[in-house]
Each structure stands twice: as structure tokens, then as C-alpha cells.
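**Student:** Sequence:
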Amino acid sequence: MGKVLGYARVSTDTQDIQSQKEKLLTLGAVVVFTDTGSGSSLDGRDQLEAALRLLEPGDELLALHPDRLARDTADLLTIGKRVIEKKAVLRIYDPNIVFDGTDMMAEVLLTIFGMVGMMEKHFIKARQRRGIDAAKLKGVYKGRPATISPEAVRELHQQGIGATEIAKRLRIGRASVYRALAA
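Whatever position you read off the sequence shown (first residue = 1), add 1188 for the working numbering.
Worth flagging that the hints you see were computed from the coordinates, not collected in a lab. One or more of the hints may lead you astray.
[To be verified] Below, simulated DSSO-like cross-link-like pairs (lysine-lysine); rule was C-alpha separation at most 27 Å, straight line:
1. Lys1309 - Lys1269
2. Lys1209 - Lys1309
3. Lys1356 - Lys1309
4. Lys1211 - Lys1275
5. Lys1191 - Lys1275
6. Lys1324 - Lys1313
[Said to hold, decoys possible] Cβ-Cβ distance ranges computed for the label pairs, FRET-style:
7. Thr1352 - Val1328: 34 to 44 Å
8. Lys1191 - Asp1282: 14 to 24 Å
9. Glu1210 - Gly1348: 48 to 58 Å
10. Asp1288 - Glu1308: 45 to 55 Å
C-beta: ideal position from N, C-alpha, C; glycine also.
All chains, please: the whole structure from these sequences, using the hints.
**Tutor:** Here you go:
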């Protein structure tokens, strides 16, 4: 048996990842990779990517729950397939799933829990939307505060500076420059 690499994820900086790390270490992980961010996408999950790259034949990638890996069926199965391509094993603690590419039921369980994650994601977004709509009716929701100054964008533009350079100077995206100029 090779090494056990743990993986933990929380959605926001305000959530505590320590309990996940401690449990993974107790379960045998020699190192725990952690990401903070949405489970809705694999984009930006640098530590998950690092763990997958480090896997060698006989190793194990361990997560406490399927939704810590992904909240999407395709993403969860992609992770599983990447693990078995390395001739390693994906193990999920709760529910107990051991995916090594040889057990059809393990793949079925990954698919089901990926679907559950997608449903949870849908319900979370629906609740958020209802909350925002209710806050707007009360007049307390104003949206996210502006992070750029349209005046600064216009001032640089009036100096003859192009959108790409404005974006670099203000550390914003070019699309934000164009939106500020159009406003």
C-alpha cells in the first residue's frame, strides 16, 4: 500500500477546515491538501490538482465526504477517473466508497452522490435567490458594493490609455473597463 493523501475543502474563509484536517490525519493521511472555494467547479482548486498530480500507483486519495471533492456528477467522476488513471484509489470516508475502477457499485455511488451534490447546489442557489428577493422588497439589499472606480477608468481613458493598460493599472479585468466606460 502506498501513501494516503487527504483532501479537505471549505466554501469560505470563515469556515473551519481544521476538523476535516484532523480527521483525515487520524484516518491515515500523511499530508492533507486544502482548498477554500466552491465545490461547484474544479477551476481554481490548486491543492486538489496538486494532490492528483502527486498520486503514484498504490496511493490513495482520501476525502471525508463526496461534496468535499465536488458538487457535480461529472466533476466527481472526473476526479475518480483521474485517480484510477494513476493506478491509485479514491476513498471517501462517509459514506464508505472505495473507487479503484474495478467495482461498478462504487462508480454508481459516486454518480448518485454527485447528483445529490448537484441538487444541494440547486437548493442553495434557490434559497439565496429567495433571500435576495425578500431583502430587495424590504429595501435592504443593494447588491455587492462596487470594487472599481468608474471615474478612475474614465480619467485614464481620457488620457489616451487603452483598455488593456487601464485594466493592468487598476488590477481589474478588461471587461470591467469596458463596462465602466459604457456606464
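**Student:** If a hint holds in the structure, say so; if it does not, say that too.
**Tutor:** Structure-based check of all given hints:
1. Lys1309 - Lys1269: holds, 22 Å
2. Lys1209 - Lys1309: Distance ~24 Å between Lys1209 and Lys1309 Cα, so the pair holds.
3. Lys1356 - Lys1309: violated, 34 Å
4. Lys1211 - Lys1275: holds, 25 Å
5. Lys1191 - Lys1275: Holds: Lys1191 and Lys1275 sit about 13 Å apart, inside 27 Å.
6. Lys1324 - Lys1313: Given that 27 Å is the threshold and the Cα spacing comes to 16 Å, the pair holds.
7. Thr1352 - Val1328: 34 to 44 Å: Given about 38 Å between the Cβ atoms, the range holds.
8. Lys1191 - Asp1282: 14 to 24 Å: The hinted range 14 to 24 Å holds for Lys1191 and Asp1282, with Cβ atoms some 21 Å apart.
9. Glu1210 - Gly1348: 48 to 58 Å: holds, 57 Å
10. Asp1288 - Glu1308: 45 to 55 Å: For Asp1288 and Glu1308 the Cβ distance comes to about 26 Å; the hint is violated.
The earlier numbered hints that this structure contradicts are 3, 10.
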